[in-house]
Amino acid sequence: MQPSDAIAILPEIILTAAGILVMLLGAFFEKSERIAAGATYAGLIAAIIAVAVQFNHPVAAFGGVFLADSFGCFFRLLFLLIALLVVLSSSTYLHREGLSAAEYYALLLFGTVGMGVMASANELILVFIGLEISSLASYVLVGFRRDVPTSSEASLKYFLLGSFATAFFLYGVALMFGSTGSTRLTQINEAFNTALRGQSAGTPVHPAAANLAVSTQFPASLVGVAIALMFVGLAFKVSAAPFQIWTPDVYQGAPTPVTAFLSTAPKAAAFAAFLRIFMVGLGAYSGRWSWLLWIVAVLSMFLGNLGALLQANIKRMLAYSAIAHAGYVLVAFTTHSADGVAAVLYYLVAYAFMNIGAFLVVTHLGGRGERYLEIEDYAGLGFRFPFLAGMFSIFLLSLIGVPLTAGFLGKFYVFRAAIHGDLVWLTVLGVLNSGIAAYYYLRVLVSMYMSAPAREVPCEPLRAPERLALAISVVGTLYLGLFPQNVMDLATQAAQWLQQAR
Amino acid sequence: MNVLPGFFFYLLSAIILGGAILTITRRNAVHSAIWLIVTLLGVAGIYLNQHAEFLAAVQVLVYIGGIMVLFLFVIMLVNLDEAAKQRQFNHQWTIAVGCALALMAELAYFIVKGRESFRFGDTGTGTLNPDAAVIEFLKSCRDIPGLGPGGFLQPNTELIACALYRDYLLPFEIASVLLLVAIVGAVVMAKKEI
Numbered sequence: 001m002q003p004s005d006a007i008a009i010l011p012e013i014i015l016t017a018a019g020i021l022v023m024l025l026g027a028f029f030e031k032s033e034r035i036a037a038g039a040t041y042a043g044l045i046a047a048i049i050a051v052a053v054q055f056n057h058p059v060a061a062f063g064g065v066f067l068a069d070s071f072g073c074f075f076r077l078l079f080l081l082i083a084l085l086v087v088l089s090s091s092t093y094l095h096r097e098g099l100s101a102a103e104y105y106a107l108l109l110f111g112t113v114g115m116g117v118m119a120s121a122n123e124l125i126l127v128f129i130g131l132e133i134s135s136l137a138s139y140v141l142v143g144f145r146r147d148v149p150t151s152s153e154a155s156l157k158y159f160l161l162g163s164f165a166t167a168f169f170l171y172g173v174a175l176m177f178g179s180t181g182s183t184r185l186t187q188i189n190e191a192f193n194t195a196l197r198g199q200s201a202g203t204p205v206h207p208a209a210a211n212l213a214v215s216t217q218f219p220a221s222l223v224g225v226a227i228a229l230m231f232v233g234l235a236f237k238v239s240a241a242p243f244q245i246w247t248p249d250v251y252q253g254a255p256t257p258v259t260a261f262l263s264t265a266p267k268a269a270a271f272a273a274f275l276r277i278f279m280v281g282l283g284a285y286s287g288r289w290s291w292l293l294w295i296v297a298v299l300s301m302f303l304g305n306l307g308a309l310l311q312a313n314i315k316r317m318l319a320y321s322a323i324a325h326a327g328y329v330l331v332a333f334t335t336h337s338a339d340g341v342a343a344v345l346y347y348l349v350a351y352a353f354m355n356i357g358a359f360l361v362v363t364h365l366g367g368r369g370e371r372y373l374e375i376e377d378y379a380g381l382g383f384r385f386p387f388l389a390g391m392f393s394i395f396l397l398s399l400i401g402v403p404l405t406a407g408f409l410g411k412f413y414v415f416r417a418a419i420h421g422d423l424v425w426l427t428v429l430g431v432l433n434s435g436i437a438a439y440y441y442l443r444v445l446v447s448m449y450m451s452a453p454a455r456e457v458p459c460e461p462l463r464a465p466e467r468l469a470l471a472i473s474v475v476g477t478l479y480l481g482l483f484p485q486n487v488m489d490l491a492t493q494a495a496q497w498l499q500q501a502r
Numbered sequence: 001m002n003v004l005p006g007f008f009f010y011l012l013s014a015i016i017l018g019g020a021i022l023t024i025t026r027r028n029a030v031h032s033a034i035w036l037i038v039t040l041l042g043v044a045g046i047y048l049n050q051h052a053e054f055l056a057a058v059q060v061l062v063y064i065g066g067i068m069v070l071f072l073f074v075i076m077l078v079n080l081d082e083a084a085k086q087r088q089f090n091h092q093w094t095i096a097v098g099c100a101l102a103l104m105a106e107l108a109y110f111i112v113k114g115r116e117s118f119r120f121g122d123t124g125t126g127t128l129n130p131d132a133a134v135i136e137f138l139k140s141c142r143d144i145p146g147l148g149p150g151g152f153l154q155p156n157t158e159l160i161a162c163a164l165y166r167d168y169l170l171p172f173e174i175a176s177v178l179l180l181v182a183i184v185g186a187v188v189m190a191k192k193e194i
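From first to last, the protein sequence lines are chains A and B. Quick note on our numbering: the first sequence kicks off at 1 and runs consecutively. Quick note on our numbering: the second sequence kicks off at 1 and runs consecutively.
If you are wondering where the hints come from, they were derived from the structure by calculation, not from laboratory data.
Think about it this way: if two alpha-carbon atoms lie no more than 20 angstroms apart in a straight line, the pair counts; the simulated EDC-like pairs of lysine to aspartate or glutamate are:
# : chain 1 : residue 1 : chain 2 : residue 2
1 : A       : LYS157    : A       : ASP249
2 : A       : LYS31     : A       : GLU97
3 : B       : LYS191    : A       : GLU153
4 : B       : LYS191    : A       : GLU30
5 : B       : LYS191    : A       : ASP147
Negatives, chain A to chain B, calculated, CB over 12 angstroms:
#  : residue
6  : SER393
7  : GLY421
8  : VAL431
9  : SER451
10 : GLU460
Predicted model only: the values in this text are computed from it and were never measured. Glycine included, each C-beta is placed from N, C-alpha and C at the ideal position.
Assemble the whole structure, with the sequences as input and the hints as a guide.
Shown next as structure tokens:
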């Protein structure tokens with residue numbers, strides 16, 4: 001290990017150290033909530049600075065296992081931002097529910113470490129370990145309200161199904177190693193390219209002694225099975241249909257700030273790994289997997305949106321909408337072009353801001369023990385709490401994709417990439433789905449502004465951290481909707497980097 | 001020289017099989033656990049016989065040292081007298097026999113077909129079937145000093161060390177974070193009062 005290697009993983013080192021420190025502070029101090037939160041903020045901000053410095057200095061650390069390139073840094077910055085927003089919106093919630101803050105923050109930090117590793121890994125084994133770290137942290141966070149049966153049930157469901165999905169992924173990795181002789185993504189790509197070139201020239205390539213590690217003949221059926229298994233594992237993690245069964249139950253049972261976290265950060269991390277594995281490692285075989293993505297994208301959009309129409313619980317509704325949004329992201333992914341990747345990145349950032357904002361309002365209005373989560377409870381909110389209702393409206397309009405908000409431009413870039421990639425039918429189905437989605441978001445808006453309250457819903461005033469998180473989310477949502485250029489430039493840069501790596 | 005490894009192989013196999021049979025037929029759970037240790041030791045011997053010294057050491061440390069201790073802990077915690085009175089074979093033994101026969105047929109197929117059975121249909125040569133150039137290269141390794149007498153076998157422990165501490169250093173180190181998360185998670189979920 002060289003100093004440059006340590007600098008490349010400095011953000012992860014900082015986060016791990018901060019996580020351990022937070023746990024120790026929790027053990028030594030009687031009233032540890034504020035101190036733990038302070039240490040968490042410090043760790044996150046230090047890590048953000050460390051990533052921001054790396055952004056323009058791409059390095060391949062640990063002999064090419066870990067790539068701190070602009071693609072990886074883009075995602076790591078996104079995870080850190082999400083973690084910061086979630087920590088800001090959690091402190092009041094944890095106090096209200098009487099949950100232990102130190103372990104909660106520590107698990108959040110460790111989860112962020114795992115995701116950062118996933119986004120920058122150029123090695124399937126490292127992707128797997130990162131995936132496991134972030135998943136284990138998520139399982140525990142989902143079940144954090146231990147005295148609430150639905151929370152424990154959600155945790156158990158997520159744990160069992162999630163372990164199953166990771167096993168699928170790992171089996172795919174093993175078969176990929178068996179067929180190409182390497183788990184390094186760039187080496188797998190090289191091996192495939194050499195093999196394809198050899199085939200087109202009509203002469204079999206002689207495996208020279210130097211090429212021992214990477215054999216040039218592939219059992220095609222084995223590669224196909226490996227791709228399919230890895231696809232299943234990752235599609236589960238991004239909650240794409242038909243692997244979405246767990247999503248509504250888990251999102252509903254989890255503590256609301258954790259739901260906000262789950263629907264944005266681990267999903268974005270899974271997309272990062274998805275993009276890197278399929279664009280870099282398996283780019284040569286795109287004909288074999290792009291139609292799989294097509295089907296999964298369409299299924300996710302329809303199942304998500306149609307399922308959301310029927311929900312009365314707002315968390316459940318947002319869970320179904322999360323499935324649909326994964327579908328939109330997959331539409332951009334199906335193009336497997338630089339345009340498409342940039343659209344994926346932009347959409348994930350936009351979705352993070354608007355979704356965390358929406359869940360923040362849901363957290364706050366839920367009250368002690370999360371009692372007020374039905375859509376009926378939002379009736380008349382626009383008159384009783386105009387400020388909160390106004391904020392919630394902005395997030396919902398952005399989720400619909402109304403112009404001037406982040407959601408609109410996100411969808412615009414996604415569908416533009418799809419049209420450029422000649423995926424006309426997919427675009428038509430996607431736009432159709434945006435129409436369906438408008439109905440259930442508008443239902444909440446109508447209930448907030450046009451009906452009388454059905455029952456008395458108490459609401460405490462917002463505290464400072466929540467105000468800050470809300471302000472960041474709103475500003476982010478509007479900024480991305482009005483001035484997309486800066487973020488889009490970064491996304492394009494990251495996408496081109498990924499394209500070059502092939 | 002070729003007789004001795006063969007003799008040790010059959011000796012160790014006999015120990016493994018005998019230990020395995022005794023493990024499942026003893027009434028006393030502690031006796032079963034001890035016979036399982038004998039079986040695992042036999043497996044370690046087979047590894048040693050194949051020049052996989054590191055694997056043999058890990059087998060002894062992890063399985064016999066670590067996992068068997070856990071087994072014994074569990075045996076001590078459950079009610080042994082109750083278990084000893086229960087019948088050892090239930091009516092599902094017919095299914096077990098079926099599965100065992102299927103497995104035996106499969107293994108026999110692989111033994112008879114040999115290397116051929118690993119070939120995948122649509123390629124000329126499978127990855128496990130290197131062509132002449134590769135075999136030449138492997139044969140030339142025999143002359144390099146420091147390699148094992150098998151020629152094809154490279155020094156096992158050094159290769160594992162290279163893989164773990166050079167090529168896969170980061171995954172190896174970061175696995176410690178994974179274990180930490182797992183421990184913290186288990187304590188958070190299981191402890192009565194945090």
